[in-house]
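Trainee: Chains as they are written, first to last, in the numbering used here: chain A, 1 to 404; chain B, 1001 to 1496.
Watch out, some of these pointers could steer you wrong.
[Stated by the list, open to error] Calculated cross-link-like contacts (lysine-lysine; reagent style DSS-like; alpha-carbon spacing at most 25 Å): (1) A/Lys314 <-> B/Lys1211; (2) A/Lys329 <-> A/Lys200; (3) A/Lys208 <-> B/Lys1211; (4) B/Lys1356 <-> A/Lys140; (5) A/Lys329 <-> B/Lys1211.
The set of hints was computed from the structure by calculation and includes no laboratory data.
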Amino acid sequence: MMSDDADTSPEVMLQFYKRLYPFQSIFTWLNQEHTPTKLFTHREFAFTLQGDVYLRYNSFNTAEDLKKQVCALNPTRFEIGPMYSAKPRDKKSVRPAAFTPQRRELVFDIDMTDYDGVRTCCSAADICSRCWGFIAAAVKVLQSTLTEQFGFRHLLWVYSGRRGIHLWISDPAALDLTDDQRRALVSALTVVEGGKEMVKKVNVRTTKGLPPSLWHARETLRTIFVSLVLDDQDCFASQEGWETLLQLIPDRSIVETLRNEWSQDPERPSAQKWEELKDLITTKKGDVQSRLRDAIEDVVLQYTYPRIDAEVSKHRNHLLKAPFCVHPKTGRVCVPLDPRDIDRFDPCAVPTAAQLLRELNSTSTGEGADWEKTSLKPYVDLLDRHTMEILEEVRMMKRNNTSW
Amino acid sequence: MFKSKELKSQKRTPTASVGASTAPGYPHRLNFYDLPPLFEVTLEDFEESAIDRLRILAEIESSYARNRSWDELKEVTEKLCKKYLPLHANATALGKINPLEERKRDHLGHFVLRLAFCRSEELRRRFVTTEKTLFRVRYEGELREEKMEFVNSLNFGWVKVDTNERSSFEAELKALEVKPPGLPRTDEQEGPRAQEYVKVHWTKVPDLVAKRRVFLRGGFAYVHSREVSSIVYHEFESALQKALEHTAKMLPRMDEDTRLVPLLNNLSQGFLAGIPSEWSGPPLAGDEIRADMIDDMAKKHFPLCMRNLHECLTRDRHLKHFGRLQYGLFLKVLGLSIDEAVLFWRKSFSNITDDKFNKEYKYNIRHSYGLEGKRANYPAKSCQQILTTDKPGVGDCHGCPYRHFSPENLQSSLLTHYSLQGLGTTDLHEIMRTVKDGHYHVACTRVFEITHASKGVKKGDGIGDGESVTHPNQYAARSIELEKEQSQEGTVMAVD
């Protein structure tokens, strides 16, 4: 059954594009109006064909054009880039200087592989519902930071089909960001950094403590840390796990004491180890104690703060896989999801292309588009509702502009 | 292009000169250069004002290349400004000098260089960076009253934060109030202004946002009156960027002027040649480097960053993108031919299939040799680039070990890699101290001296004539050169 569901053969993909893929919804979402604008016609689409052939700089005038080409090429997936100053398909005939990226959703990519140092359940490409907890934490923190601090309103979260999540922000102000502004925003959101050889990966404190922009995240993550890192992942169970923790504690006597105790009785759960560490810290006084408290706050951030793939967000011309594509390995559809339901989201329960086609075959023919008869419907509806809100804002802006 | 702007600006000039008693048209020493100069100039003035300004900009650029600190840069720039482009404040100029002439010259030079440097993306970027730095040096050196007058004359559309609103974010704002160490507390006695905040859209202060130095709410940044300078710099930069792009579009109309075009071409070439932006030493004499020699060379000649990459590559049989880029370009400049490079990477990535290698990696290798895509000849990354761009993320091996390793890992890494070449635990203390102070290139230079002591390098010699390491290839080339010298001496002696 499993192998059947993960079927992404060219036949399945073609049927999926022909009968299920919501081209019209994707068009309106990107275009932000009902009649085609430059946001769609000057937009780059890139196709990955069977055998990893990569076709860049395609562009289309309408949703129908896009569908026709997708069905003709039958790609394994396709990606969306920025709106350029000219139509991407005319790239070869315009001067290079006249072909520059102009507007683009602000996008983020979070991938489970970046959590390999802290998750214990799986590694590399694998994912289970347990590791999803890290993604859920990331979604909560980013959602609140981007809306409350940066004032963005139109955020679309999309499951990437296997082990990660994408975020597309479609506010007009987000589309207009320059690369420099994107870079600044990304660096404000990058808290966990440093390569393999850097043990302490969180270094954001100033002389006045944690910057206020991270206060809210600290509160959110403090509770998540207990259930996710201590109880579920049990990150400090193995010797390697607790050694990493101890290396982050800047007090030799505490480290020595705990190392002795824990090596004698390594079986105790992470939650208990964490409590023992906190108890020892309360025995310290004054400056030493507050320095140690800072250190364990940093531990919480290091284990749970979102690890975003910075390169994706920094440049307007970066491509990102379109929502509703099918992941070639898992067969799952990259569906949008509601951040308020992030804890209940189960990546393994997402419909696959093969499964949707079976659903379609078993229902009788009737009114409406084909996707409406399958379990894809709630996801397309979610995108459509999101698009409505964008359209409303764009309409308001236009009205205000013309009244001048 | 002057014509179209002339028409527009003539209407605005009278307002600009209102209240300027000392220098009509130039009420302030600082200038946002939003209006072109509208007076007659001789060709000599045209050229000389530009060349003098160019000297300053070139020095600023080479300061960046040499990793000079901000204070050093400021000192050097101010000294040069005094010599080539003096510009007096209203207060100091009184009675002694006529500030009008100086300001006109400053104005003219800026606009001539705009014409020379608007032609390509690269030139525009460099011009904007250096002009912004010059502006910042002058802005910081400005007297407080005149600075405030100048800022008030600009209209950035910011909103003052009222007391009510401020008190609701009291805790957050207070936590950000500290001045970063290193900046002098010169503006302390601002009195009632000291607690004032202005509200601007966050996109106007990207550098403050990036460093988490402002409080953000609903897309607006609450900027302390002391940090208003950050907004001013950003406005200066983005206005100049836009103006340059505009000028570039208009430029073709001027290309017929046979007096100016050759002059402008000379200027832009001077900028390119004046500053060694990349290290391009002579290719190593004679013998070619082959893929199988790299392992041996790495152990003898490579700086720590490259040895670390080499070790990661051998250990993991893989390197992530930026690691491949940093190491690959280094090897290219070292003299590894494209065929040998493909061979080297193919051998190193030993647990992937030929198919995957050809599809996913070969293109990138060929690309870095300028054989694919836009066929650019990419230089190897300098220390400055390695230190400041593309910081290593989780699981990355590239970067500068002196900066990106934790102290413990750096120490053990130094010992494993260099103890055979004479680096002992006694040397670690000194190296770690310089690392702690942030002088990564000094630490690297010191390691070079220690590990090449047997070749006659003494403390303070650096990589020749006391120069410090600014490029990994320079490190490796000098190391190889030293070995050659020694072996030549050896043969000469044997003959004797």
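Trainee: Each hint should be assessed against the structure and marked as holding or not.
Mentor: Hint check:
no.	hint	verdict
1	A/Lys314 <-> B/Lys1211	holds (16 Å)
2	A/Lys329 <-> A/Lys200	violated (34 Å)
3	A/Lys208 <-> B/Lys1211	holds (14 Å)
4	B/Lys1356 <-> A/Lys140	violated (37 Å)
5	A/Lys329 <-> B/Lys1211	violated (39 Å)
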